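With the sequences and hints as input, model every part of the structure.
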Amino acid sequence: MAAQRAPRTNDEADHPSSPVLQFGPDKPLKLDAGTLLSPFQIAYQTYGSLNDARSNAILVCHALTGDQHVANTNPVTGKPGWWEVLIGPGRIIDTNRFFVICANVIGGCLGSTGPASTNPATGKPYGLDLPIITIRDMVRAQAMLVDHFGIEKLFCVLGGSMGGMQVLEWAASYPERVFSALPIATGARHSSQNIAFHEVGRQAVMADPDWHGGKYLEFGKRPEKGLAVARMAAHITYLSEAALHRKFGRNLQDREALTFGFDADFQIESYLRHQGMTFVDRFDANSYLYLTRAMDYFDLAADHGGRLADAFAGTKTRFCLVSFTSDWLFPTEESRSIVHALNAAGASVSFVEIETDRGHDAFLLDEPELFAAINGFIGSAARARGLSL
Amino acid sequence: MSVNRAQRVDLEVVTDLIPAKSRVLDVGSGDGVLLELLQETKQVDGRGLELSQRGVNECVARGLSVIQGDADTDLKFYADKGFDFVVLSQTLQATRNPKVVLDELLRIGNRAIVSFPNFGHWRVRFSLLIKGRMPVTKDLPYSWYDTPNIHFCTIRDFVNLCEELGATVEKATALDANGQKIGLSMPWWFWNFFGQQAVFLLRR
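If you read the sequences in order, they're chains A and B.
Numbers in our numbering are just positions in the first sequence, counted from 1, shifted up by 77.
Numbers in our numbering are just positions in the second sequence, counted from 1, shifted up by 34.
Each hint should be verified, as a subset may be incorrect.
To give an idea of the chain B side of the interface with chain A (calculated C-beta under 10 angstroms), a few residues [as the list claims (entries may be wrong)]: (1) Asp79; (2) Gln87; (3) Val90; (4) Ile101; (5) Phe111; (6) Tyr112; (7) Pro175.
Quick list of in silico lysine to any residue cross-link-like pairs, SDA-like style, CA-CA up to 20 angstroms [as the list claims (entries may be wrong)]: (8) A:Lys393 with B:Leu174; (9) B:Lys55 with A:Gly463; (10) B:Lys115 with A:Ala421; (11) B:Lys110 with A:Ser414; (12) B:Lys55 with A:Gly423; (13) B:Lys110 with A:Ala390; (14) B:Lys55 with A:Ser414; (15) A:Lys393 with B:Gln73; (16) B:Lys55 with A:Ser425; (17) B:Lys205 with B:Arg237; (18) B:Lys55 with A:Ser457; (19) B:Lys115 with A:Gly391; (20) B:Lys55 with A:Gly391; (21) B:Lys55 with A:Arg460.
Which chain B residues stay away from chain A? Per the calculated CB distances, all over 12 angstroms, these [as the list claims (entries may be wrong)]: (22) Arg42; (23) Thr75; (24) Asp108; (25) Trp156; (26) Gly166; (27) Val170; (28) Tyr179; (29) Asp180; (30) His185; (31) Leu195; (32) Gly213; (33) Ile216.
Read the hints as simulated data drawn from the structure, not as lab findings.
Nothing here was measured: the structure is a model prediction, and the numbers come from that model.
Using N, Cα and C, we set each Cβ at its ideal position, and we do this for glycine too.
Take a look at the structure:
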């Protein structure tokens, strides 16, 4: 089973269903790890069309296990794009009006160079031979993609969670190229607790004998059990206790009484197992290691002498931050500290905290208040940018 | 958005004090009525700080740059002289530490504009003197036990505080119960007795 499914991910890694931009030896990607990645490629999707002034481009940055298929049917899962509730023709981010770009991050597994991609030097998948990737590396690669479109300044960069980290990095690294920035449910650094959860996930992957020291693709195997456990643990952090209780309580799964065994007696167990199992069908285990590491390493203040406000000194970018009351992975305080840094930098900033019990994942869901905030922010930014309605 | 007449006049007085294209921080921006007025009539670069989440969300949904925060604790995050004007409209009496807040306004803005209900107004005095009750009026509709307004002052009190903080009063306006400006020629005691609202333009 594992051997049969393995090639599919690998195919998307090397030959994705998306358009691909290839960068040859003349255009290496400079990595924070101190090496160059070359050659490399970026798989991306675009929606809508770029106007003559090239001023209507919106870059969407995806989260840890997201991908470039933000507003189209996902070729791997067959499900709707992960932000189709927000982005599309006539939606809040109207693709009749804006040119929307979403790229698979470097280190990902759906077509941008990552650990499942073939290493041209060996003809085998990179596995752990890929250098460690950082959030800044991802953003640097995205900037090369944006260059390719001839876009000098993005109208807006937005994303949630790890996507929000990229938004902050964009605003800090390329302030003159970001007219407006919308980081959602994110932080300027990964907290100790978040690193801890990621480490649990990574250890679960690496403890799976099918991981083979990262070379599982060469063995025609995949560490499905380990990755599923990693996903199960992580998935809990994306929800909230209140939402879990509301949805599942202590309800039993297809049975009248406890079985006095270790089957999935409870609905929550069955639900988590399902989450784990479906995840391994669409995600590469080594990518999971690389991307969680990228998040762990993210500390925007540390990159700017320890003072977050200095990351945004003199910025003209308009910011809007959003957090959710029940998000314990990136609690409101994380957003608030970014807001305070932006205040100190004299930046234009809005900040909305949304009341919901749906936890961190609320940013992916149909949250009317979130949409109202995004709509208001994008609308006023568009007026300021002189984009017609 | 419901704004009563006296409030509306207060907003107009504040708006008149601010030149076009100024950088303005509105502390206690509510649902954004003043910021919106300033953007429409004066094309200001406006920002807001608002305590209630509902108010913030409404402001942002309407395209205003507003953050959730508390005037008592969050003004310290703003840079010195980051704004041309900092406005505190009808909020001073609801702060825990009005003196610190006013000090912060003078630090953050080149000018501060403060408006507040005057507790020296004759109706207030009348209520205490004759009825022996804490005043409940059209503009101050709360009972003593549920009011958010915990630090009332009179116009005289406020002028004293300004002196203590080394602030210069560049301009002051008092509005009577009908929202009419009280003549400039009138003495302070007259303002303090008949002014229901006061608007001060300060600098330090």
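Hints versus structure:
1. The criterion of a C-beta within 10 angstroms of any C-beta in chain A is met by B:Asp79, whose closest approach is roughly 7 angstroms, and the hint holds.
2. Proximity of B:Gln87 to chain A holds as hinted, the smallest CB-CB distance being about 6 angstroms (cut-off 10 angstroms).
3. Here the hint on B:Val90 is kept, as its CB sits about 6 angstroms from the closest CB of chain A, short of 10 angstroms.
4. Restraint check, B:Ile101 versus chain A: the minimum CB separation of about 4 angstroms is within 10 angstroms; hint holds.
5. Against a cut-off of 10 angstroms between C-beta atoms, the interface hint on B:Phe111 holds, since the closest Cβ of chain A lies about 4 angstroms away.
6. Of the supplied interface hints, the one on B:Tyr112 holds, with its beta-carbon coming within about 5 angstroms of a beta-carbon of chain A, less than 10 angstroms.
7. A distance limit of 10 angstroms between C-beta atoms decides the matter here; for B:Pro175 the minimum to chain A is near 27 angstroms, and the interface restraint is violated.
8. The suggested pairing of A:Lys393 with B:Leu174 is violated, with an alpha-carbon distance near 41 angstroms, which exceeds 20 angstroms.
9. Between the alpha carbons of B:Lys55 and A:Gly463 the distance comes to roughly 17 angstroms, so the proposed pair stays at or under 20 angstroms and holds.
10. Restraint check: the Cα-Cα separation between B:Lys115 and A:Ala421 comes to about 11 angstroms, which is no more than 20 angstroms; the hinted pair holds.
11. Among the hinted pairs, B:Lys110 with A:Ser414 is consistent with the structure: their alpha-carbon atoms are about 13 angstroms apart, no more than 20 angstroms.
12. Taken as a hint, the B:Lys55 and A:Gly423 pair is honoured in the structure, with Cα atoms around 16 angstroms apart against an allowance of 20 angstroms.
13. Distance restraint check for B:Lys110 and A:Ala390: the Cα-Cα separation of roughly 17 angstroms lies within the 20 angstroms cut-off, and the hinted pair is therefore satisfied.
14. Restraint check for B:Lys55 and A:Ser414: not satisfied, since their Cα atoms lie roughly 29 angstroms apart, outside the 20 angstroms limit.
15. With a CA separation close to 18 angstroms, the supplied pair A:Lys393 and B:Gln73 stays within the 20 angstroms bound.
16. Our distance criterion of 20 angstroms between C-alpha atoms is met by B:Lys55 and A:Ser425, whose separation comes to about 15 angstroms.
17. As the CA atoms of B:Lys205 and B:Arg237 are separated by approximately 10 angstroms, the hinted pair is consistent with the 20 angstroms bound.
18. A C-alpha spacing of about 17 angstroms is found between B:Lys55 and A:Ser457, which places the hinted pair at or below 20 angstroms, so the restraint holds.
19. Distance hint between B:Lys115 and A:Gly391 is fulfilled; the C-alpha atoms sit about 15 angstroms from each other, no more than 20 angstroms.
20. Restraint check: the Cα-Cα separation between B:Lys55 and A:Gly391 comes to about 19 angstroms, which is no more than 20 angstroms; the hinted pair holds.
21. For the given pair, B:Lys55 sits about 16 angstroms from A:Arg460 by alpha-carbon distance, which is consistent with the 20 angstroms threshold.
22. Separation of B:Arg42 from chain A is adequate, the least Cβ-Cβ distance of about 24 angstroms exceeding the 12 angstroms criterion.
23. With a minimum CB-CB distance of about 16 angstroms to chain A, B:Thr75 clears the 12 angstroms threshold, and the non-interface call stands.
24. Interface exclusion of B:Asp108 from chain A breaks down, the closest Cβ pair being 7 angstroms apart, not more than 12 angstroms.
25. Consistency note on B:Trp156: stated as away from chain A, and its beta-carbon is indeed over 12 angstroms from all of that chain's, at 41 angstroms minimum.
26. A cut-off of 12 angstroms between C-beta atoms confirms that B:Gly166 is not in contact with chain A; the least separation is 42 angstroms.
27. Distance check on B:Val170: its Cβ is at least 31 angstroms (rounded) from any Cβ of chain A, clearing the 12 angstroms threshold; non-interface status holds.
28. Distance check on B:Tyr179: its Cβ is at least 27 angstroms (rounded) from any Cβ of chain A, clearing the 12 angstroms threshold; non-interface status holds.
29. The Cβ of B:Asp180 sits about 23 angstroms from the closest Cβ of chain A, beyond the 12 angstroms cut-off, so the non-interface label holds.
30. Against chain A, the non-interface label of B:His185 holds: every CB pair exceeds 12 angstroms, the least being about 25 angstroms.
31. Every CB of chain A lies more than 12 angstroms from the CB of B:Leu195, the least distance being 25 angstroms, so the non-interface label holds.
32. The claim that B:Gly213 lies off the interface holds: its Cβ sits roughly 31 angstroms from the closest Cβ of chain A, which is beyond the 12 angstroms cut-off.
33. Against chain A, the non-interface label of B:Ile216 holds: every CB pair exceeds 12 angstroms, the least being about 37 angstroms.
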